[in-house]
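Colleague: Each step along the sequence shown adds one to the number in full-length UniProt numbering, with nothing skipped, and position 274 is 274.
Hint data in this document are derived by calculation from the structure and do not stem from the laboratory. There is no bait here: all hints are sound.
With a straight-line cut-off of 30 Å between C-alpha atoms, the simulated DSS-like cross-links for lysine-lysine are:
(1) 195 / 233
(2) 227 / 195
(3) 227 / 310
(4) 375 / 365
(5) 365 / 195
(6) 319 / 306
(7) 243 / 301
(8) 243 / 285
(9) 285 / 233
(10) 227 / 311
(11) 301 / 285
(12) 227 / 319
(13) 311 / 285
(14) 285 / 227
(15) 233 / 310
(16) 233 / 243
(17) 306 / 227
(18) 123 / 396
(19) 301 / 319
(20) 301 / 227
(21) 243 / 227
(22) 243 / 84
(23) 310 / 285
(24) 396 / 375
(25) 311 / 301
(26) 233 / 301
(27) 195 / 285
(28) 243 / 195
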Amino acid sequence: MASNLTTSILPHAIVLDYAQAVLETGQWLRAAKSHISAHPSAVSLAIISGIVIYVIWSSTARYLRLSPFHGPPWAAFTRLWLCKTIASGESASRFINVSQQYGPVARIGPNHLIADDPEFIRKILAARSHYTRGPWFDSIRIDPEVPNIVSERHPGRHNHLRHQMSGAYAGRDVEGLEDMIDERIQDFVEVIERKWLSDDNGTNAFDIAKRVQFLAVDMITHICFGKPMGFVKTDSDVSNFLKTVESQLPIVQHFSVIIEINDLLHWLVGFPFIRRLIVPSSQDKSGIGIIMGFTRNEVEKRQQSKSEPKKDMLTSFMKHGLSPSEAETELIISLVAGSDTTATAIRATLLAVASNPRVYARLTKEIDEAEASGKISAPIRDQEARRLPYLQACIKEGLRCFPPVAQLRERMVPAGGDTYNGQHIPEGTFIGLNTWGVQLNPVFGNDPRVFRPERWLIDDEARLQEMSRVQELIFGHGTTRCLGIPIAMMNLNKVFPESVDQYMLCTLIKGIEHFVDGCVIDRVFDINPGFCNVLVTIFVRHFPYSLIGSVLVWLDVNFDEVPNLNTPVNPHSNVCIMARSWDNAASCSRIVTN
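My request is simple: use the sequences and hints to build the entire structure.
Modeller: Here's what the structure looks like:
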């Protein structure tokens, strides 16, 4: 019946042709099978040929997808260039080089672009933009199955989380926020006074980068839980938390490029025995697990307590509808991300100020005069600090020169694609943000690589507004703008006056000359090596700019060779701290003449 139906529908000739083709195909397959059996090498040749053809075809397809945009040659064909760049520890400087060589939108992977055009970045991050967060953000999950405010990719859920958490991050729901920060800075000062001050009896090398990280963690934990974890008072990395985080962050960076790993982990954690091996737990005795346990303990205390809870970040989160498990996750993110970015901003700006005598002297003078005239209190209040123009200029310039976040934070091009300068960008393309490159924009003048706070004190309101719009992109834009800006700025407004007002940070290098971006750093006076054997390489992994050439360091190397000041020399950052009242402290201020 089927045969009759077929012949009734199709012309007779077509049916015959079809049958003949089937017969010939069968005969060809049998002949091919017989040939392959008789010639095994043909199988290998066929497989190899197929692989070569596939590689050529797929490579060509990858290249053509974003061919209008240029970048490092191999980046068009493989993600290995991007992985290598991230692993180098110099990704910020390499991304800057890519943008300067290949244009404001450049190619860094088969499906990856990077942008340093401020207007294009605003378009991508705008509140009503159709761009969405790409798979890059999946790498920020602590638990592969549980998103958080940083990793959440769904716009609606992300905005809902922001609404729930905005009161805490803005400081509105945290009672006594400013006093909390003052208490932690006072702990920091007491440790310096007790253990690290240099005087006529000897010189102490103080690892300021590590201690600033301790301070940042204690400030954040106090704000989160109503009490610090005790990093500053114990002068130690409690439970090796920071060591663990720093060792794991590079791995997370690679997960953001090899995004298939995130999908694999999401699948693997479905097996309980594997989940126990790879997902941090509150039962762990070190690393993230310590914070999870600390956080869970605080959450359980709040649930069981019948008294009025402290008005801190945890209380605010739960008050606004976050479940206990959600609150735990968000507090861990706050601690890890908040402490790291705050510490980076403090360390970078302190480095730039302390290594520039002109800036150091002017900032010290402004604070001294404000104290003498009664314009600032002890400790300084946030509103008072905001009225010190040179302090604010130093903070803005420090953040501009050393943005605390250098990650790509890739967005995905929406359906239908987009265009840039007339060039089509296909949908699904990942576009990363070159945050450091943005801060070299011509709007900052012809010396954007130089730490020069005076650029923010010009009498040109329109120019200042234009510079501020670009500088503020370090915090994001639109619905992804950092929620913690008020707390972060309060920290900076308080830490710098306290550090500069009370102490002299001695940063030294034995006499050398070095040219940096056409600016000569004059010969430093020779000084007895026994006086201040110090090393200043504050957070060097994030300082790829040639501005590092102005860092005055005492290096235990042969000074017949000028060190490469663009290359990290040591992960530590020792400085010599002296009370400004010490008679010999003044000699350390004569470091270099700009």
